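> Chains W and U: place on chain H using the hints.
The lines below spell out each chain.
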Amino acid sequence: MTQARTVAEIASYLGGTVQGDGAKLISGLGTLETAGPDALTFLANPRYASKVAETSAGAVLMSPGGERYGRTAIEVANPYLGFAKLLALFYTAPHEPLGVLPAAIVDATATLGRDVTVYPGAFIGKNVTIGSRTVIYPGAVLYDNVIVGEECIIHANAVIRERCRLGNRCIIQPGAVIGSDGFGYAPDGRGYYRIPQIGIVVLDDDVEIGANSCIDRAAVEVTRIRRGTKLDNLVQIAHNCEIGEDCMIVSQVGISGSAKIGNHVTLAGQVGVAGHLTIGDNVLVGAQSGVPSSLPANAAYSGTPTMPHKEWLKSSMIVPRLPELRKTVSALEKRITELEAILKQPRQEN
Amino acid sequence: MTQARTVAEIASYLGGTVQGDGAKLISGLGTLETAGPDALTFLANPRYASKVAETSAGAVLMSPGGERYGRTAIEVANPYLGFAKLLALFYTAPHEPLGVLPAAIVDATATLGRDVTVYPGAFIGKNVTIGSRTVIYPGAVLYDNVIVGEECIIHANAVIRERCRLGNRCIIQPGAVIGSDGFGYAPDGRGYYRIPQIGIVVLDDDVEIGANSCIDRAAVEVTRIRRGTKLDNLVQIAHNCEIGEDCMIVSQVGISGSAKIGNHVTLAGQVGVAGHLTIGDNVLVGAQSGVPSSLPANAAYSGTPTMPHKEWLKSSMIVPRLPELRKTVSALEKRITELEAILKQPRQEN
Amino acid sequence: MTQARTVAEIASYLGGTVQGDGAKLISGLGTLETAGPDALTFLANPRYASKVAETSAGAVLMSPGGERYGRTAIEVANPYLGFAKLLALFYTAPHEPLGVLPAAIVDATATLGRDVTVYPGAFIGKNVTIGSRTVIYPGAVLYDNVIVGEECIIHANAVIRERCRLGNRCIIQPGAVIGSDGFGYAPDGRGYYRIPQIGIVVLDDDVEIGANSCIDRAAVEVTRIRRGTKLDNLVQIAHNCEIGEDCMIVSQVGISGSAKIGNHVTLAGQVGVAGHLTIGDNVLVGAQSGVPSSLPANAAYSGTPTMPHKEWLKSSMIVPRLPELRKTVSALEKRITELEAILKQPRQEN
Numbered sequence: 001m002t003q004a005r006t007v008a009e010i011a012s013y014l015g016g017t018v019q020g021d022g023a024k025l026i027s028g029l030g031t032l033e034t035a036g037p038d039a040l041t042f043l044a045n046p047r048y049a050s051k052v053a054e055t056s057a058g059a060v061l062m063s064p065g066g067e068r069y070g071r072t073a074i075e076v077a078n079p080y081l082g083f084a085k086l087l088a089l090f091y092t093a094p095h096e097p098l099g100v101l102p103a104a105i106v107d108a109t110a111t112l113g114r115d116v117t118v119y120p121g122a123f124i125g126k127n128v129t130i131g132s133r134t135v136i137y138p139g140a141v142l143y144d145n146v147i148v149g150e151e152c153i154i155h156a157n158a159v160i161r162e163r164c165r166l167g168n169r170c171i172i173q174p175g176a177v178i179g180s181d182g183f184g185y186a187p188d189g190r191g192y193y194r195i196p197q198i199g200i201v202v203l204d205d206d207v208e209i210g211a212n213s214c215i216d217r218a219a220v221e222v223t224r225i226r227r228g229t230k231l232d233n234l235v236q237i238a239h240n241c242e243i244g245e246d247c248m249i250v251s252q253v254g255i256s257g258s259a260k261i262g263n264h265v266t267l268a269g270q271v272g273v274a275g276h277l278t279i280g281d282n283v284l285v286g287a288q289s290g291v292p293s294s295l296p297a298n299a300a301y302s303g304t305p306t307m308p309h310k311e312w313l314k315s316s317m318i319v320p321r322l323p324e325l326r327k328t329v330s331a332l333e334k335r336i337t338e339l340e341a342i343l344k345q346p347r348q349e350n
Numbered sequence: 001m002t003q004a005r006t007v008a009e010i011a012s013y014l015g016g017t018v019q020g021d022g023a024k025l026i027s028g029l030g031t032l033e034t035a036g037p038d039a040l041t042f043l044a045n046p047r048y049a050s051k052v053a054e055t056s057a058g059a060v061l062m063s064p065g066g067e068r069y070g071r072t073a074i075e076v077a078n079p080y081l082g083f084a085k086l087l088a089l090f091y092t093a094p095h096e097p098l099g100v101l102p103a104a105i106v107d108a109t110a111t112l113g114r115d116v117t118v119y120p121g122a123f124i125g126k127n128v129t130i131g132s133r134t135v136i137y138p139g140a141v142l143y144d145n146v147i148v149g150e151e152c153i154i155h156a157n158a159v160i161r162e163r164c165r166l167g168n169r170c171i172i173q174p175g176a177v178i179g180s181d182g183f184g185y186a187p188d189g190r191g192y193y194r195i196p197q198i199g200i201v202v203l204d205d206d207v208e209i210g211a212n213s214c215i216d217r218a219a220v221e222v223t224r225i226r227r228g229t230k231l232d233n234l235v236q237i238a239h240n241c242e243i244g245e246d247c248m249i250v251s252q253v254g255i256s257g258s259a260k261i262g263n264h265v266t267l268a269g270q271v272g273v274a275g276h277l278t279i280g281d282n283v284l285v286g287a288q289s290g291v292p293s294s295l296p297a298n299a300a301y302s303g304t305p306t307m308p309h310k311e312w313l314k315s316s317m318i319v320p321r322l323p324e325l326r327k328t329v330s331a332l333e334k335r336i337t338e339l340e341a342i343l344k345q346p347r348q349e350n
Numbered sequence: 001m002t003q004a005r006t007v008a009e010i011a012s013y014l015g016g017t018v019q020g021d022g023a024k025l026i027s028g029l030g031t032l033e034t035a036g037p038d039a040l041t042f043l044a045n046p047r048y049a050s051k052v053a054e055t056s057a058g059a060v061l062m063s064p065g066g067e068r069y070g071r072t073a074i075e076v077a078n079p080y081l082g083f084a085k086l087l088a089l090f091y092t093a094p095h096e097p098l099g100v101l102p103a104a105i106v107d108a109t110a111t112l113g114r115d116v117t118v119y120p121g122a123f124i125g126k127n128v129t130i131g132s133r134t135v136i137y138p139g140a141v142l143y144d145n146v147i148v149g150e151e152c153i154i155h156a157n158a159v160i161r162e163r164c165r166l167g168n169r170c171i172i173q174p175g176a177v178i179g180s181d182g183f184g185y186a187p188d189g190r191g192y193y194r195i196p197q198i199g200i201v202v203l204d205d206d207v208e209i210g211a212n213s214c215i216d217r218a219a220v221e222v223t224r225i226r227r228g229t230k231l232d233n234l235v236q237i238a239h240n241c242e243i244g245e246d247c248m249i250v251s252q253v254g255i256s257g258s259a260k261i262g263n264h265v266t267l268a269g270q271v272g273v274a275g276h277l278t279i280g281d282n283v284l285v286g287a288q289s290g291v292p293s294s295l296p297a298n299a300a301y302s303g304t305p306t307m308p309h310k311e312w313l314k315s316s317m318i319v320p321r322l323p324e325l326r327k328t329v330s331a332l333e334k335r336i337t338e339l340e341a342i343l344k345q346p347r348q349e350n
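Protein chains in written order, with the numbering used here: chain H, 1 to 350; chain W, 1 to 350; chain U, 1 to 350.
Only chain H is shown next, with the shape it has when bound in the complex (with noise of 0.2 Å):
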């Protein structure tokens, strides 16, 4: 499947210097543990960098001036990316456009980009537009007016409502939704009267959405997710809501709505963001976190609701604890009174 390389070609696809062998011929990649002999393996965490005196490996990848206990090394400054890459030179076929497969279902007012690939199955309504080397999987539905940049992938049975666009190079994971309608409702008296949901969702280049997660299209404007920033699978973002650049938002949580994100915040899996807030650049919170109101830019927080997350380790800590803790109180508050009744009886009754 993959083609062989030499030790030296890699080093030099990934502008990193050669020690050891550079004629050695790589055929694939493994980790320290798996990989054997004609494969290359890395090292990013320094916690493990023992193990490379272990490793069965051909080659490995890490950090220069590391030591290679006498293995063929290729020092990089940054070894888990330069695996990364690896992987796609390695592992990634040249993607080879198919054209519009029989049994798709496209509009014939659809205007479609050069080398498109729509599989069978698929569905793109009325006016759609879609980029150059895009690929939409069976089973996605674009509804009317939707517009997708370049070199999109919408993988199967993913959703993408009336007018939403997304720009170039975004990845669409299986059953993920894309401008469902926003949950607004007023009260009328008797029961809940339903606010029509007339805006859009726009998802910037680079970004990517996961499997069966869900972002709304706002009430009248639009819900915006900025370049390069990565939603994990089953996450929820609700109407309104503004995500900057280059987060990372980790499965199953949930944004509620018109909060605004700043840039490259990371939102750690299960956390809850209440609407109407704003969260700083550069912010990270915690696993689970309730985040109740806005917060600071460039610190840490978790808990519910949030606390700084330092301030957070040492509490949760003591929670396990209470019951000790109350068990002391109590006993303390036996010892006073019995001062007290040492002391003060003389003095007064009670």
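FYI, nobody ran anything at the bench for these hints, they're computed from the structure.
Just so we're clear, the structure is a prediction, and the values are computed from it rather than from any experiment.
Identical chains blur together in the list; that is why a pair holds if it fits in one copy or across any two.
Okay, derived cross-link-like pairs now, BS3-like style, lysine-lysine, Cα gap no bigger than 30 Å in a straight line:
1) Lys327 with Lys310
2) Lys260 with Lys310
3) Lys85 with Lys51
4) Lys85 with Lys24
For chains W and U alone, kept in the frame of chain H given last:
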């Protein structure tokens, strides 16, 4: 796109009162910040009352007697509800039925009412009944013997499994699953024996289900959601649950099997509800709370496990101060020991 | 619909013992509350034993030696398991294979076993292998090189991505996604470089996956779920996880990358599990808990972060009383200060 109407016409449509220029022509809607001179906006939250002075909007929908800063206003009892109705009036095109489109898969035994729309790629099984004016989007799958009422909207790739029943005016967002098997297994000594889930799901009139939400069929009888209740995205309703009327179930809530939820209950985002319990009418449960046992009606609760909301507000404010509290207790202990040393030394060794 | 059977026939089918009228004809099943004179019910939970006196059921499935209040009873060691088997006996129609139906999209290179059913609108990619008697519902999408075993059920709009493998008797509920890309990115100084996810997902025999659940493919090797494990709806399994045999993963649980879960583990609803940790065999984790690090086998845990379940029960009962505890501590502080004033004043100023 939208048709212009005079302020007086709009006031008459809503049953409101004009203050100012009733002849002014309005051609759209916007927020206090974004509406231009030919657009109408609304003031629902008194917190933003001062923004009326600065808005560029041609007219403001507001409560009777509010300060209108010289703007043309339409006074109505519920400006938010009025605005919702105007969104529908201005921006919602009248529905045009399209019939059964080519490449829709409709079993010959299915019964379709008048003016039904079935998009290409939708699947309608044996003996399915679909009420008049209902719309079935591409990729939606209705298993055998499903019954769907009138004026429903079943969005793309939603799935309704065998024998489940929907009332009138139900809306199912993309990817939602109605009638998946309940999670029921009987340990048989070696592993788990699957308990057949032979019941169904019944959604009453005006129920709406969010994108990628899941409602499991009952083991034997009915999982039921009553009139007017709305579910947000990614909600889980387990088998045998009964949800009352006009409830709001916010995103990522999970309700375990056989739970009974009253009327007008609001469960905020990511709440978890244990099985075989009852939540009374008009209960409000705060975000991320965990409900381990029944909750009496007409009250607000929060926390895991849930407690009255006001208690939770107080106790959750102390959690970040637990380290300080523990330090205080340690200091008190020392001071008591010191006092005891002074006071008791002559009398006892310990 | 269902065929009537005598109590004696049913007892014989289950290997149980008749107490009372073995000739009585039973034509269906019901609960203690709803079963009529021609229906059989069951008593599994001793808590409901007194309901046997009031049931209208024609017969009761119960444990040997239970009080039957004069009812006809069938005694079996595990009444719940017995009832599950009778549900299958009475209500599950024998499966009739339908073959590849019109409008199913099956690539010419796919290999289908005997008696496979492929519904209209299902998509079967290149070189896919499907075992005998497996059923593929409408809108299900199997990417290229997928292998599915015998007697599997792939429900509507489920997606199985390239090269993933399912054992025999697996059931995939609607909308579930098997093999979506793992959430792996390497920071490259400007944004995130997508790490190709070239691994697969392997589900062993008798694994069941709930509606709209997501299982990510491994980065390089295999995300694996072993024999007999059941996942509820909306569960997230990240890349490289290994889940053992006969686990119960309840709805909305999220398991982070590279976690190893033992055999017979139960994770209750909305639990979150961090990455790169190990959970031992027979562990039970309570609902909404957050597992930050490895958990030893054969124990129950709860809380965020997790602690032994019994400790959590105690400490979580104190949380609502924290305001009271703090008040107590403040009062003690005053009393100590007062004591100190009395006792120390003559000796020291401070």
